[in-house]
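Protein chains: 2
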Amino acid sequence: MAGIQVMIGRTDDAGEAGNTSGTFYGIGVGPGDPELMTLKATRLIAACPVIAYPVNGGGGGLARRIAGAAVPPQAEELPIHLPMLAERAPAREAYDLAAGKIATQLAAGRDVAFLCEGDPFFYGSFMYLFSRLAEDFPAEVVPGVTSLTACAAALGRPLAARSERLKVLPATLSEEVLRHELADTEAAAIIKVGRHFEKLRRILGDLGLAEGAAIVEAATREDQRITALTEVPPGERPYFSTILVYGGGEGW
Amino acid sequence: MAGIQVMIGRTDDAGEAGNTSGTFYGIGVGPGDPELMTLKATRLIAACPVIAYPVNGGGGGLARRIAGAAVPPQAEELPIHLPMLAERAPAREAYDLAAGKIATQLAAGRDVAFLCEGDPFFYGSFMYLFSRLAEDFPAEVVPGVTSLTACAAALGRPLAARSERLKVLPATLSEEVLRHELADTEAAAIIKVGRHFEKLRRILGDLGLAEGAAIVEAATREDQRITALTEVPPGERPYFSTILVYGGGEGW
Numbered sequence: 002m003a004g005i006q007v008m009i010g011r012t013d014d015a016g017e018a019g020n021t022s023g024t025f026y027g028i029g030v031g032p033g034d035p036e037l038m039t040l041k042a043t044r045l046i047a048a049c050p051v052i053a054y055p056v057n058g059g060g061g062g063l064a065r066r067i068a069g070a071a072v073p074p075q076a077e078e079l080p081i082h083l084p085m086l087a088e089r090a091p092a093r094e095a096y097d098l099a100a101g102k103i104a105t106q107l108a109a110g111r112d113v114a115f116l117c118e119g120d121p122f123f124y125g126s127f128m129y130l131f132s133r134l135a136e137d138f139p140a141e142v143v144p145g146v147t148s149l150t151a152c153a154a155a156l157g158r159p160l161a162a163r164s165e166r167l168k169v170l171p172a173t174l175s176e177e178v179l180r181h182e183l184a185d186t187e188a189a190a191i192i193k194v195g196r197h198f199e200k201l202r203r204i205l206g207d208l209g210l211a212e213g214a215a216i217v218e219a220a221t222r223e224d225q226r227i228t229a230l231t232e233v234p235p236g237e238r239p240y241f242s243t244i245l246v247y248g249g250g251e252g253w
Numbered sequence: 002m003a004g005i006q007v008m009i010g011r012t013d014d015a016g017e018a019g020n021t022s023g024t025f026y027g028i029g030v031g032p033g034d035p036e037l038m039t040l041k042a043t044r045l046i047a048a049c050p051v052i053a054y055p056v057n058g059g060g061g062g063l064a065r066r067i068a069g070a071a072v073p074p075q076a077e078e079l080p081i082h083l084p085m086l087a088e089r090a091p092a093r094e095a096y097d098l099a100a101g102k103i104a105t106q107l108a109a110g111r112d113v114a115f116l117c118e119g120d121p122f123f124y125g126s127f128m129y130l131f132s133r134l135a136e137d138f139p140a141e142v143v144p145g146v147t148s149l150t151a152c153a154a155a156l157g158r159p160l161a162a163r164s165e166r167l168k169v170l171p172a173t174l175s176e177e178v179l180r181h182e183l184a185d186t187e188a189a190a191i192i193k194v195g196r197h198f199e200k201l202r203r204i205l206g207d208l209g210l211a212e213g214a215a216i217v218e219a220a221t222r223e224d225q226r227i228t229a230l231t232e233v234p235p236g237e238r239p240y241f242s243t244i245l246v247y248g249g250g251e252g253w
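Those sequence lines, one after another, are chains A and B.
Counting the first sequence from 1 gives a position; the working numbering is that position plus 1.
Counting the second sequence from 1 gives a position; the working numbering is that position plus 1.
Calculated directly from the structure, the hints in this document are not laboratory data.
Hints may be right or wrong, so weigh each one.
Treat identical chains as interchangeable: a pair holds within one or across any two.
Said to hold, decoys possible - Calculated lysine to any residue pairs in the SDA-like style (CA-CA distance at most 20 Å, straight line):
hint, residue 1, residue 2
1, LYS200, GLY236
2, LYS193, SER164
3, LYS200, ARG163
4, LYS193, GLU223
5, LYS193, ARG163
6, LYS200, THR21
7, LYS193, ASP97
8, LYS102, PRO234
9, LYS200, SER164
10, LYS193, ARG226
11, LYS193, PRO91
12, LYS193, PRO234
13, LYS193, LEU79
14, LYS200, ALA92
Since the structure is predicted, the reported quantities are computational estimates derived from the model, not experimental observations.
Next comes chain A alone, as it looks inside the complex (with noise of 0.2 Å):
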């Protein structure tokens, strides 16, 4: 990455300055509900002659299901087959293979859409194409509304207030571990539960923190559900759930 820079102003459509290369657009879609798009996305998928989208590993083809048919019929479609981020050699060599492609279409001169689920910057494996094609093409990442704070929503709660501190957790992280961050917590998301889910639910209950904490499944989606965390029956979630944790909070 090229070191920090000051800029004044807003960086949008930086291609469009006589640049003979496309420029590559890293677009938020969203947690899934299609009208959770923003304007900037949608105008910017309607422009781009190619969208690309993963395929496989976590997010399956979810963002490009949410753009649905904000993707104009003309658009060539460059599905891009990612693995999951466990493998990393094999990682590697895949995220080489996509920046490839989407490089021969930007220096081709076209402007290339690629869709995020949620939102590009906030835990997704779009930073590895960005990281590969940014220091050579113009680009620029179009924040979306991300599953955080769609689930506080959903539930009706708010996510964190005041001076709280607010931690997002990852599930994949070791019993130790999150052990450690919850018992000292006032406001917690635990993301990309999954087949984590017993693990929580004990360290939850030793903790003391499952009294107030929710599941929510699908935010925003059609098949959306949201469990306080002592009904949910035995066994995984579905990876796309946040367990929302409040704790010694000064309640509202």
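On the provided structure of chain A, position chain B as indicated by the hints.
Just chain B now, with coordinates in the frame of chain A:
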């Protein structure tokens, strides 16, 4: 607040099912760029006969300015005077008064959209109105893009990735608490920087975290400004400033 219920499916437009009361919508209008409003926010702002928004406190009239021409000329505008959060008892009175004004509209069967800068449930004062109104009237929160991911997008650097823990820390916390939280961090966002800037610079310098940190002011607005922490001149920064800190992460 009502207890957590098991709910399946989206709760869109809860007030339209033959209810004679209007629906209270908390609408996130995003961090500043009007194009970062969602399609849903835009639709509801155009449809609601009453548009309410805060006119003082931390947010000023910013949410209304972001919504701009999305508010139709025939809408009844309801500016709500909200005090700063520090004033406890007068604040309660002001929220009671504001909630009463909104309740009058809802009871008359008119939908009210309350505009919130960023996301309604991410460190906003909207929750104080929601808690007063959501038990008596249909209420729905429409999540928005937060300044958090907008800052990461502006900076061209992920907020957090993989199994990193992300901490969101209000700058109003005491120096002791901030030192404790930042001493053990992989990724952090310090929000509402304002007059706390020099305290934060001192802490981050002491902890060896100043080098990779940057401050983003007025993210996605016309006057957006990004500066490496080590380059910031002495003094206060605007209230709507966020410092992004990158600690012991794996790098990318």
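Is it within a copy, between copies, both, or neither that the alpha carbon of LYS193 lies no farther than 20 Å from that of ARG163? For LYS193 and ARG163, only the inter-copy Cα distance (10 Å) is at most 20 Å; the intra-copy one is 26 Å.
Status of THR21 relative to LYS200 across identical chains (alpha carbons, at most 20 Å): Classified as neither: same-chain Cα gap 52 Å, cross-chain 45 Å, threshold 20 Å.
Intra- versus inter-subunit Cα pairing at 20 Å for LYS200 with ALA92: neither (27 Å within a copy, 41 Å between copies)
As a check of your reading, is LYS193 near PRO91 (CA-CA no more than 20 Å) within one copy, between copies, both or neither? Neither. Shortest intra-copy (22 Å) and inter-copy (41 Å) distances fail the 20 Å Cα cut-off.
Within a copy, between copies, both or neither: which one fits LYS193 and ASP97 at a CA-CA cutoff of 20 Å? neither (25 Å within a copy, 39 Å between copies)
Which holds for LYS193 with PRO234 at a C-alpha limit of 20 Å: within a copy, between copies, both or neither? within (18 Å within a copy, 40 Å between copies)
One pair to classify: LYS200 and ARG163, alpha carbons no more than 20 Å apart. Within, between, both, or neither? Only across copies: LYS200 and ARG163 sit 19 Å apart there, 30 Å inside one copy, limit 20 Å.
When no copy is specified for LYS193 and ARG226, does a C-alpha distance of 20 Å or less occur within a copy, between copies, both, or neither? Answer is within: at 15 Å inside a copy they meet the 20 Å cutoff, but 33 Å across does not.
Pop the pair LYS102 and PRO234 into one bin, within, between, both or neither, using alpha-carbon distances up to 20 Å. neither (44 Å within a copy, 43 Å between copies)
If the cutoff is 20 Å on CA atoms, where do LYS193 and GLU223 land: within, between, both or neither? Let me know, please. within (19 Å within a copy, 35 Å between copies)
20 Å Cα cut-off: does LYS200 pair with SER164 within a copy, between copies, both or neither? Classified as between; 16 Å across copies, 29 Å inside a copy.
From the Cα coordinates, with 20 Å as the cut-off, is the pair LYS193 and LEU79 best called within, between, both, or neither? neither (26 Å within a copy, 40 Å between copies)
Hints 6, 7, 8, 11, 13, 14 from the earlier list are contradicted by this structure; the remaining hints agree with it.
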